[in-house]
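The hints should help you fit chain B onto chain A, whose structure is shown.
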Amino acid sequence: AQSVTQLGSHVSVSEGALVLLRCNYSSSVPPYLFWYVQYPNQGLQLLLKYTSAATLVKGINGFEAEFKKSETSFHLTKPSAHMSDAAEYFCAVRTLNNDMRFGAGTRLTVKP
Amino acid sequence: EPEVTQTPSHQVTQMGQEVILRCVPISNHLYFYWYRQILGQKVEFLVSFYNNEISEKSEIFDDQFSVERPDGSNFTLKIRSTKLEDSAMYFCASSSTSGTYNEQFFGPGTRLTVL
Numbered sequence: 001a002q003s004v005t006q007l008g009s010h011v012s013v014s015e016g017a018l019v020l021l022r023c024n025y026s027s028s029v030p031p032y033l034f035w036y037v038q039y040p041n042q043g044l045q046l047l048l049k050y051t052s053a054a055t056l057v058k059g060i061n062g063f064e065a066e067f068k069k070s071e072t073s074f075h076l077t078k079p080s081a082h083m084s085d086a087a088e089y090f091c092a093v094r095t096l097n098n099d100m101r102f103g104a105g106t107r108l109t110v111k112p
Numbered sequence: 001e002p003e004v005t006q007t008p009s010h011q012v013t014q015m016g017q018e019v020i021l022r023c024v025p026i027s028n029h030l031y032f033y034w035y036r037q038i039l040g041q042k043v044e045f046l047v048s049f050y051n052n053e054i055s056e057k058s059e060i061f062d063d064q065f066s067v068e069r070p071d072g073s074n075f076t077l078k079i080r081s082t083k084l085e086d087s088a089m090y091f092c093a094s095s096s097t098s099g100t101y102n103e104q105f106f107g108p109g110t111r112l113t114v115l
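Heads up: the protein sequence lines correspond to chains A and B, in order.
According to my numbering, the residues represented by the first sequence are 1 to 112, in order.
According to my numbering, the residues represented by the second sequence are 1 to 115, in order.
Just so you know, the hints here were simulated from the structure itself, not pulled from any lab data.
Be aware that one or more of the hints could be misleading.
To be verified - Derived pair list, reagent style DSSO-like, types lysine-lysine, alpha-carbon separation capped at 27 Å: (1) K57/B <-> K49/A; (2) K69/A <-> K42/B; (3) K42/B <-> K111/A; (4) K58/A <-> K42/B; (5) K83/B <-> K57/B; (6) K68/A <-> K42/B; (7) K83/B <-> K49/A; (8) K42/B <-> K78/B.
Just chain B, same shape as in the assembly:
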């Protein structure tokens, strides 16, 4: 069964460093998303991406964040200068269409720890 994969599963970094979180969406999917979950809190939407550009982004997704689809398979989230409050679980998701009932498939997440 196709699934969304994410690497690494756990990333530890120093405050101020750049990190890149990687995702491989399901191969025939066209819509991609990033969410984050701070420990003990709800899952929050960050950004959606379609046709090589951002479709929507939340207020959390500031200039420190960027997304890219560098090739035909990977979808990345970059945080330019990490802050302590960026420590969270980051989930990638993908869907085949943007249809309202269409399911988003989630990856297992990357746990980012900023020291």
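So that you can see chain A by itself, here it is in the shape it has in the complex:
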């Protein structure tokens, strides 16, 4: 069964600093991976998705993620954090039944 694990329930960075949110996956078949963002009192918004076309995936709002099969990872990064990036971030994997399995989420705090 496919699953994802997010390391770190809470990450705090200073404005302008690098953002790194970690996600590791478990899958017996090539995984289909997603990152979603949830702003306070809002739904889930897709940031980016891995489609196997390229290992480095660029998403919205300056975020990107790199698929590393050798490390079974799909970490989310952004070179320079902005105050508006403060939100909850979820890594997810699409299962063979086409539903989504989410990680526990990482809350990103950006300090001025």
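Just chain B now, kept in the frame of chain A:
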């Protein structure tokens, strides 16, 4: 830009009462989903729905839950006799196909509080 909408945004109910959560998926989408997120926990899959029947359901989706597409636009989740542990945020999602890379679009959620 088309979006998934959900009503109500917040529902408060007494334990044992029936609740119906409503969703309007994106108009040309054919696949519909319900997820829930208990406060402070991960988002969990409940059920997927296609062609007027359930495609998949998780172990959470027991006999107390049902889904329906009563007309051409709404997609509902019914909980027959709510329990305290049903308190959660419920998200509806839809997609145009079931393709593996196909994005599921999520609604803003309904926060259900069971007292």
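Hints versus structure:
no.: 1; hint: K57/B <-> K49/A; result: 24 Å, holds
no.: 2; hint: K69/A <-> K42/B; result: 24 Å, holds
no.: 3; hint: K42/B <-> K111/A; result: 25 Å, holds
no.: 4; hint: K58/A <-> K42/B; result: 24 Å, holds
no.: 5; hint: K83/B <-> K57/B; result: 19 Å, holds
no.: 6; hint: K68/A <-> K42/B; result: 24 Å, holds
no.: 7; hint: K83/B <-> K49/A; result: 36 Å, violated
no.: 8; hint: K42/B <-> K78/B; result: 21 Å, holds
The structure is inconsistent with hint 7 alone, although it conforms to all the rest.
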